[in-house]
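Given chain A, put chain B in place with the hints provided.
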Amino acid sequence: MFSNFRASHAIGLAIALGVTATAAPTAIAENSAVSVYQSAIVPILEDHCFECHGDGYDKGKVAFDRLETDAQILKPDLWLKVLLNTRAGLMPAERKPRLPPADQQKLERWIKYQVFGIDPENPDPGRVTVRRLNRVEYRNTVKDLIGVDYNTDHEFPPDDSGFGFDNIGDALTMSPMLMEKYVAAAQSIVSEAVPSEARKPAAQIVQGVAFNGDNAKVKWGKRQLVFNEPANVSARVNAVPGSYKVKLEIEVNGSYVPDPGRARVIFKVDGKEVHREEYGYFDEKVFTLESTHKWASNDHTFNIQLQPLGPAGKPETIIDLFVNKVTVEGPLEKSQWVAAPQYDKFFPRPVPASAKARRAYATELLTAFAQKAYRRPLNDADAGARLAALAEATYTQPGKTFEQGVAHAMAAVLASPRFLFRLEAPAPHPGNAPFSDIDEYSLATRLSYFLWSTTPDDELMRLASRGQLRANLAAQVKRMLADPRAGQLARNFTGQWLQARDVEGIASNPREIAIRDAGEEAKLKQLFAAFRAQDEKTAHQLAQEIDDLVKSKPDLEKETRADMRRETEAYFDYVVHEDRPITELIDSNYTFLNEELAKYYGVPDVVGKEMRKVTLPAGSPRGGVLTQGSALLVTSNPDRTSPVKRGLFVLANFLGTPPPPPPANVPALEASESEFHGQAPALRDVLRVHRENPLCSSCHNRMDPIGLAFENFNGIGQWRDSERKQPIDAQGSLITGETFNSVSELKRILVTTHREDFYRTLTAKLMTYAIGRGPEYYDVETIDRIVRRLDDHDGHFSELLMGVVESAPFQKMRTQASMTVSN
Amino acid sequence: MSKLLTREVERQLQLSRRQVLRGLGAAIALPTLISASPAFARSVAGKAAPTRMAFVYVPNGAIPAAWWPAGNAGADYALSPTLAPLANVQKNIQVISGLGDVSAEPGADGAGDHARAGGTFLTGVRIKKTAGSDIHAGVSIDQVVASQIGHLTRFASLELTCDVVRKSGECDSGYACAYEYNLAWQSANQPLAPEHNPQFAFERLFGDGPRNERVANLKRRENDQHSILDYVMEDAKSLNARLDGRDRQKMDQYLTSVREIEQRIAISKTMKVANPDLDAPAGVPASYEEHVALMFDMLHLAFQTDSTRVATLLLAREGSNRPFNDIGISSGHHDLSHHKNTPEIIAKVQLIDKWYVQRFAAFLEKMEKTPDVDGQSLLHHSMILYGSGNADGNRHTHVNLPVVLAGAGGGALQPGQYIKAKEQPITNLYLSMADAMGGERLASHGDSTARFQS
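Chains as they are written, first to last, in this note's numbering: chain A, 1 to 823; chain B, 1001 to 1454.
There are no misleading hints in this set.
With a straight-line Cα cutoff of 20 Å, these simulated SDA-like cross-link-like pairs (lysine to any residue) come out:
1. Lys537/A with Asp547/A
2. Lys400/A with Lys1219/B
3. Lys645/A with Gly1174/B
Think of the hints as simulated: they come from the structure by calculation, not from any bench.
If we strip away everything but chain A, and leave its shape as in the complex, we get (with noise of 0.2 Å):
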């Protein structure tokens, strides 16, 4: 069945919905195509398609009455259409009945068995490009493997997506520049975890939050200082007399304005200034500011004063100064050293004396780490010795320890391409089946990226290493899921299905918006035309009008995002974790929320700043993410709502049937405004002139009244009753025939009669995070059991993440054409 190998057809994310069949056809195998198309399939065309795609019609260059060979009609790309527009209800076109459920079955299981030639007992699983760590895995898995938490998003670029994430094999590719930043980071990290001596003076940390006096704030946590205030704290320490070096670590973290401040920093210890220094704006940059000093007595004090260099009078230019941390190391006298912190963790024992010995613990030491860099044994006894070549190379150079030459050789491990990308291989003893187990190693990879983002740990290596992950697969995913590395899931996998990622950097006017929707944007005009016509005191009164208008709204702060992002991520987590039915990401009566956020939204009786589950007042429009602040914000434009962004947006990730793109030449509705003649429309009555244009309707019928639903909620995500001093009209109904008065309402069309809708479109997502490839047309009956094994067992996120990790495309990988790893 496998043997004409075809060529993989990417098929884009929609999948929809339909009948599921549970066994192949054996009879219709039998037969070549073009019979049992003729003698099948056709008179069911017959009846429902030949109108458009038949008789003499072509509409959209499908006739189907002119497929006349098996190669015209094995054509995936053209049934897998077939199979999407019939399930989702779009075909046959304009509101005719759907195909009758025997006939639709019969088609499916003809598209899938006979023309996608899926052998549903053994389902191709596909071809997974090898995959570079993304920087959100590369922080993670440093953090895991050494300890040290690189922050990678300032550092490295951002990683090119495909299929909507991030972690897509082919779509991650490597530059010059980017392997500069990989081997600089290496040495970065090693050279902050690995210690280069045994002993080393000791080190006592002061918090900045210790330093107490005139004008000491906090922020997140930290000692904050403001560049416009004068400031004067203090800190004491004890250490015994000796010589002592004294490390200062501050930090300048500016909100930028026009004209940034300066301030001077006096940095004092026991009275006697030892640092005097200037700074401007900066970006979270970190100084550290050093000096030595010969105690003899054990009492010492620290201070720091801030002085404000203006300019004067501007409060608004705020620029925060932290106090990070006061490190005093010593005493310096190599007497006195202690045994340096962390050193059992990398070097269990002491450095031998002889180079033989040296060179054998390095092999041992590199080996073990590069092993476990590389999530996978080093089956190549040649390539611990090189590594340790490499470090004997380095600590046999004057002035270099031992310790040095092995965090050289760590270093390389990390820039190692079998590190930097996921290697796998496939279980051993393959033979000649097309397709084969991947190894457990593989495996462990897979489960601990998919679910942690990270390497895997300790003990998915040791199941891995005795070949019993496969056999405990589901107490493994328990275990994974219970521990707090799974928070990724929820933080990557909605940050992009949901796009919660993107609303803390969106472009957002929400004074535009209040007064857009108090309907006063004649007012902002007149604005413009007073200023431009210098007539200051016009410009004046219409400017205070406006901020009166505006001052009751509340602003889109920083924070605020942050909260929307962090509400639809903790909804997301607990939905994973009570395996709660996934229909509650879209209808329900709770969501989460701390004080700021709840305020914002207009939800009363929440205290405290911790997120929190909040059963929702009866008739809140609030539960599920579709009505969370992220997703509300960024299928918005910055000055207004989009109900065509919103409706694309149900459209595409929530019922996987996206409307085609638009064509060329199509403007944009603030255009169709210039139909109403300097009155100023309701968005509804605008998209209205909008679908007129028949080239427009026939996807905007689709997305309008899906976005129009949520047009209660402004572009910034809060609830209003008008827009423009018009009432907001959410009436609407869907192509497929249901209608609705309000967004609650499509909500719960959304969970009951597309239900399968969801469930498919939910499954190929997952599976496209999972997997790291777009879905194939030969993945749709995976899916289908997926969805089947959903419906059976009431939704619970449980059957979707399990129905993922056993899947084919996650389990196995083609052996033909397939590398295979041996280190």
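Below, chain B without anything else, positioned relative to chain A:
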């Protein structure tokens, strides 16, 4: 064969492999012909200062009526409203009409003009419509030139952007986001991710730390990296033998990247690393205006210090929906660009077009004020192409692209003119620019049909 000879053969093989990896296998050397076009009037032989080339990309096209100068071509023309900020450097620029990016036109691949405008701008080839499984563009002209002359400077090329964050989810109409966020393509499937942090760009060029320690830090870093690079190169080679298909492509990308760093380290040993009398930038400014200015500064520094001769700067990705609150525009650029001839919206878009030109003008003025080694200005020895792969953003057209070519290319160009060229692919202009860079003469680039003709 002697050991030395073997090594030389190996080196040659490596070099030619690198060229193949950069997609240059088919480049055929032809005798240099002097173009008859006025834009490329003089021969470039016999000058001391090198010629530099940069491409600056601005998204969503420009309002044509406000972009194009009224009146006749030639030296005696009045700048248009949008180009008015270039008044101080008018004699150093050429406004060129007639250039097109036909590869960005919709074909069988349907919608996605923004992704195509970005992905084709420097490659001149039709890009493959894919959400991510098989990204395929072509080698961009900057990389073609870099592969020819890149070995003469510490950096073969420099890639910069002012886009800090990327959109999650999918990009334009089924095209992978890579087409919009990357201008430079080292091979058909290897975009070169640009740097957005001016501090990192600076430290990469000149080293990090206090001013007087930078060069030493850089040398130390390169020394330390040498053995690591050797090691991982071996690792990658042994893996490569066992990989195939797309996995092998990935490992090839890794290998070329390592090789390029090794070559840079080798070059650094023989070349002086410049140490500008400046502090490194303090990171990414929150203000876009300041960010753009700093990235232009980095470009200026890189050229001034001859750290590289080829660069790309993406001011914003094609299709960018950035609002410009500082100039009173709170709607997104892309949303506005579909203005359907509403005068009020057109005025806003034109303000944005002009805002970008202002930033470019400030950069050119700085380039013009900076003397090069021969006393001529840095701008004189440069060719800076500023433009967009979209012409009229409202209608997504790709003919008559808004393009300004600044600098004299060391004498190869005759700036100070408005050229109404006949309709031709913009890649024709690239070919002529590449000629002026003094590398091997290219037979063609992307969809080019000939050398540039006015």
